[in-house]
Each structure stands twice: as C-alpha cells, then as structure tokens.
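Asks: Those sequence lines, one after another, are chains E and R.
For the first sequence, the working numbering assigns the number 1090 to the initial residue and increments by one for each residue that follows.
For the second sequence, the working numbering assigns the number 6 to the initial residue and increments by one for each residue that follows.
Mixed in with the good hints, there may be bad ones.
[To be verified] Here are some chain E residues pointing at chain R (derived, C-beta under 7 Å):
hint	residue
1	Glu1362
2	Pro1363
3	Asp1372
4	Leu1373
[As the list claims (entries may be wrong)] Each pair of labels, with its calculated beta carbon distance range:
hint	chain 1	residue 1	chain 2	residue 2	range
5	E	His1470	R	Arg216	20 to 28 Å
6	R	Glu321	E	Asp1380	41 to 49 Å
7	R	Pro304	E	Arg1231	30 to 38 Å
8	E	Met1208	R	Pro304	34 to 42 Å
Note that these hints are calculated values from the structure, not bench results.
In this text, a Cβ means the ideal position worked out from N, Cα and C, and glycines have one as well.
Spelled out from the first residue to the last, the chains are:
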Amino acid sequence: MSQTKPDPPLLEVEDLRVHFALRGGVLQRFTGREHGSVKAVDGVSFALRRGEVLGVVGESGSGKTTLGRAILRTVPITAGRIRFDGTDITEMREKTLRPMRQRMQMVFQDPNASLNPAMELLAAIGHPLRIHGVTDDDDKVRATVSEALDRVGLSPVELFLHKYPGDLSGGQKQRAVIARAIILGPDLLVADEPVSMLDMSVRAKILELMIELKRDLGLTYVYVTHDLATAKFFCDTIAIMYLGRIVEYGPAEQIYADPKHPYTQSLLRAIPEPDPTKSVPRDLPRGEIPDAAQPPLGCSFHPRCPVAFEICGWESRDLRDLLERHWLAHPDDEFDRERRTVGDLAALDEPSLTATVPVGSGHPAQDVVDLLERIRADDPHEPTWTGIRDITPAAGGVRVEFRDDCVDPSLFDVGGGQQVACLLCRDGNKSKGPNDGRR
Amino acid sequence: MTTTPELHHVRPDTVMSVRDLRIWYGTARGAVRAVDGVSFDIRRGETLGLVGESGCGKSTLGRGVLGLLPDAAKVAGHVLFEGEDLVGMSRRRLRSLRGPQLGLIFQEPMTRLNPLMRVSQHFLETLRTHQPELSKEQMRRRAIDTLGAMGIPPTRFTNYPHEFSGGMRQRIMIALALVLNPAFVVADEPTTALDVLVEAQILTILADVKRNFDTSILLITHNLGIIAEACERVAVMYAGRIAELGDARAVFARPAHPYTRELLASTISLSTTSLHYIPGAPPDLIAPPSGCRFHPRCPDAMTVCPQRHPPVVTTELNQDVACWLHGPDDQIPPGGSAPLEREAIGVADEA
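Looking at chain E on its own, in the form it has when it is part of the complex (with noise of 0.2 Å):
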C-alpha cells in the first residue's frame, strides 16, 4: 500500500449484543410470557483494520460462533453497532446488505456439512456469482469457478470441475468451501473453526493456505476457535471470550507471552503439549462454562477462578457448589450424616447476595452453622468464604449474607494494547488482589 496515513477499520464492532429469549414450556409459550434469555455476545466491541486477522477464542458456549455470524448479520441483532468499510449495516435492511455480503463471506467448520452433496463443484462453487448476479453466462462462470480452484490449490482444475463433494478428502474439500467464499472477491472473511474437523497431517497445509490468501488477495480475517495453537500461528490480535463476553483482548504476540486474565492463563496451561517431559499442571479451573442464561453474578469465571477474592461476585450458587465439594471430598458416612441435616438444596440455585440454607426435619438451624463452619475450618483459605459476610440462623433456615459491593469488571486497560476485564487488573497491571498469588 502506497499511503501512508493509517487506515480506518475494515469492521468495527461497537457493544453487540445478542440475546436469545427463551421460551418456557407450551403453556408459557401460549401466554407469551418471558423466561428470560440466553446472552450469547453481551457487549462485545472491537475494531479491525483491513489486511489483519483477529481470533476469537473460546470454549463452547462461549458466544464465539455468534459473534461470528452476527458479524454477518446472519443472526438477529439486539443491540449495538456493526460498520463495514465505514457503513453501519446493523439496521440495513436485506435488499441493500445483500451486495454487501459479496465483499464479507464465510467459511464453516464442517466440510462435510458445507456442500451440497448432490452439486458438482463447479455448479457449487460458481452459485454465489449467479445468486449474487455477477454473471449467469456458464462460459464466464466456468472460467471463474477454474481460476478460484486454481487459486486453492485444486488444480489441474479440469480434473476438479465435475467431482462432487463425495469424492474429495477432507482437506479438498475444505478448500472448495475456501474456493466459494473467495470467488466473489471478498474482503472479510469469517472462518469458523476452518481446519478443526481437519487430520493433523493436513491441517497445515490449510492453514498455509489461508495465509496466502491473505497476501494475495489482501484478505482480512475473523478466525473463531478454540485452539490457542493455531490462533497464536495464525492472529495478529486476539480476543479471549467467556460466556458472551471479551475477557481479554490485545496483540496475540502479548497475550501469548504475558496473559493477563487468569481465564487466558489456565487456558494456556491447560493445552496438552506433544511433549512427554511436559504435562498438564493439575491446579486447573474446577468445573465448567455455567449456564448462559443466568450467568454467575460479578464476574462470570469467580466460581472457577484460582485467584478470586472477596468482589468477585460470591452468592448462593457458590455456597451449593461448597457444600458439594465437601461432600465429595468426605467418606459416606460423613455425607449421609451430614447430608440430612441441610434441606433441599435447590433452593439455592437461584443466584441471590442473601441465601438461606433449609434445615433438614428434625434438625435445629445451629447444626447447618456448625457444618459451614467445620467445612470453613477444613479449608479456611477457600476464596468463597471471603465473599461470605455473616451466618445467623433465621426462620426457615440459616441466612448466609454474601458482600453486596460486588464488581463486575469490565475490560480494563493494561498498556500495550491489552485490555482485560479482570479485577486484579483494575488498576493497571501491577494491581494485587488481597488473594492474589495464592494457588
């Protein structure tokens, strides 16, 4: 590129939000009442510049695939803004998106799944120029259809033209769903987990190839994966998301070399390494992604979270998964004693800073303190307890009060680029949680 004045973003991304309602049972559904909703991307903002390529990373369910489509617009919009090339398309109405779409494409992770079985290649691949209404001359959209699949690396083309999908491997076909997204000249490219359903031994030679077309077409990519291993290859910035939501964000180079979120950390300790002589420290998150449609309160990741401390965001959910990890921890007879002292746990799985903990029949309120207390003194330095304000027996039950001060952090600034929405980042990099350190 000749200029020299720095280019505006190819896509900028400003507080999107999706969010699914959920519908209850067919009474519910019939009455029209609201369950609530599941936030798939709950404020994501982001901007990226033409030529770049931006990982999005995540486990499932962390709202990455969303994201990706609703880039696109191929998913209902709640809130916020997307602009392409400087156009905010958020709003635009399908008549005027649609010639967008030819310059942003997609690129799926199932090749199996992405072509018609019963379409030859040709017919496939040259179906965005006649839907998009490029050319319906079939001299002209042969032409087209060879030079994308000589572009892939599909050659000699004629040898390609009239397979179908069926008689490609994995890999050849994966590059004829590359051949359609890139035949009508796109600039932006969604590649949702390209090479994940790809053997080892080919998934190189897919990705090398994606990075050609990137210096050769001057593509501009959004990679979404879970696989920090390619991303690191493969990004110029990453975005680290949990439940709907960028926990860290900056140059992959910084994020690889100095991982801010505790999330992004186990994240990278977690992968297994083809090295015998290195192995998976065992001090990893406990448990898994909760459930989208009522997230923890605070910050998502407290609950897993080794350095969590007391404004995290500690509530009943928490005091459940406690008692249970106590239980698990003990032999049967412990828990069959213990077990009938406490009532019904459910009730404390809706998220609440005020928990009362139900009293099993015939037991009096002091012997549910004395199990959180004995359960406190086996495991004093379990970081839910610092969220913990009070336990006093109370009518029905015995009333936990959690800290209602609370933080939900947002992405906070840490130099360089790198922004993170943890609290021990709060106030630059060197901030230190009063727990902080300790495994």
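Position chain R relative to chain E; hints supplied.
Replies: Below, chain R alone, put in the same frame as chain E:
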C-alpha cells in the same frame, strides 16, 4: 477355545495380547481392510495410546478387541484375554465378560446415557445385572464411591443426565465403565467433544484411574498431546497397520518411523514456529498402496518400500517399528535401499 499362538513371548503382566488381528468390511467396491495384521500387548495397569488420523482403523481396532463389531465385519487373528481368545468366542461368553472384565468409554457422552433414567438407575441396573449378590445399599455405596472418584458429588446421584454438563456426563460414563472394576477398558476419543479445560480435568481423572482401579486402558485419540499427557506407551497407526509402538517418551523424542516423525512435525502446538505437513492424503483402504502403505507420502522412501511390506523390527531404544529404514537388511533386495524415484505428488492427490 482355540490354541494359543506362540508368535511372541508374552510378559507375565500382560492383560491382553492381540496377534495378527485383521478386520475387514465388505462394500460394493470391495473389502475395506480397516485393520490389517495388528499385534500388540497391553500390560496390567498401563495406558496404551493408539494414535492415528481419521480412517486409519483405530476405532475399528478398539471395537474389535472388545468383540463389539457389527455382524458385517469379518475378523481373523487372535485377541487373547485371560487365556481365552475373544475372536470366535460365543456371544454368550463375550457378553458375560463385557462389563465385569471389559469396558468401553465412548466419545459422545451426550448420547450414551438414557435420558429417561436417573444416574442412580444406570448404576443400579449395571450392578444388578453383573453382581446380583450385592445388597441395594452396597450397590448405592459402590456407585457413589466410583462417581466420587470421578468428581461427581453424592448429592447429584439421583439427577437425570440432562442436569449435568458435558464434562460431568463424560465422568459419569467413565464411572459407569469402571464401577465393575474391569481389567481392561477401551477409551475411544474420550475428550474429543470436550473443551480444553474439561479435557485436562478428564485426563487427570484417567491418570488417577490407573492408580486407584489397576485398570489397563487402550486410549484411542488423534491428538498427540493427549498421548504425551496420559500414556506410558504409544502405538502409531497408519492405514490399518501399526507403524510404530514403543515407550511414549522414546517415540516422541526419537520417532523411528518417518510417519511418526512427520505427524509430530505437522502438529500445531504453542511452540510451533513454522508450518509443516505431510504431502498427499491417507490412502483408501479398499485399494491401499503396495508394500509399505506410507511409501507414496514418505520423504525417505526407498525402492524396496513399494515392493514389500516391512516386517516389524525392534530398535535399540526398544521401539517396534515397521519400516525398511530399520531393516532387516538381509531382506532388502540388492539395490533396494536406493531412494525411490517418484513423480511428484500432484495436488490432485493432496488433501
């Protein structure tokens, strides 16, 4: 019972010996030789990793050693378990071994539990079938203990499968396979459907299983990282055959077979600095390449490679490898070790 073949000496701590196992399926285009002459031993309490790309026959092999193949599959060779040959064994005898002696952990934990049955019922059904002498309370204890070892709290014992997350369901599946304390378990891609943090949790559980249950595990995966993490020994499979088998550390440090070496180099990990791949694609098992099946993709191929299938030899590092680079030299015809001249692999054959 068939007679025990004396192909190799068998170590006394061997739980299962597989000898020259062949499994093929008939199709309209011809027989698919999914497993084609595989031999290995599994020792007591060890985890043997079986790694290979999709379509190499690793899952078929995993089912084959449990006698769980569909009727259409043809089997030859021997699978010796506790002095009996599972190949050709009566269905009734096989069924009595499955559960108390042989177990299987599936890839998809979501689909393997009955959604209409509580977790407790899954366990009680299994225990009632195989150990009817236990009292109901003993069964409950046993189930809760096994679930506890997998990190499932006792409070969740009577929940339904849908009330658990994916990782927890996989733990329940593992507990269900282990509750009868079988001597041998096949784990077929047990973490493939799971996220990286949950995968790490399951791998630590599998490591604990070895310690607490004295169970031998055949761990099938396509992920070399998991092999490195969880297995003592590893068998690398290519196109229906075992290319290399040995101590995991030795195989990873000094791969003897070019396929192992290339596969390790192709794996993209956090320490990857340049991309590497194997030209071509894994072969069609209906008409596999002659001789060594890897020769069309092998950078070290010699003229002998397409002519004869390499026999298994043991290297100084105690790796069993089927590759002419390691001999035996007296079986290589004169001039056989000259580099193989090949037409460059066209992209047409590329993956």
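Asks: Evaluate each hint against the coordinates.
Replies: Structure-based check of all given hints:
1. Glu1362: holds (5 Å)
2. Pro1363: Hint on E:Pro1363: holds, closest Cβ of chain R at ~4 Å, below 7 Å.
3. Asp1372: Violated - the Cβ of E:Asp1372 stays beyond 7 Å from chain R, reaching only about 10 Å at its closest.
4. Leu1373: Status holds, d = 5 Å.
5. E:His1470 - R:Arg216: 20 to 28 Å: holds (26 Å)
6. R:Glu321 - E:Asp1380: 41 to 49 Å: Given a distance of about 55 Å, which is not inside 41 to 49 Å, the answer is violated.
7. R:Pro304 - E:Arg1231: 30 to 38 Å: 37 Å Cβ-Cβ, so the 30 to 38 Å window holds.
8. E:Met1208 - R:Pro304: 34 to 42 Å: holds (37 Å)
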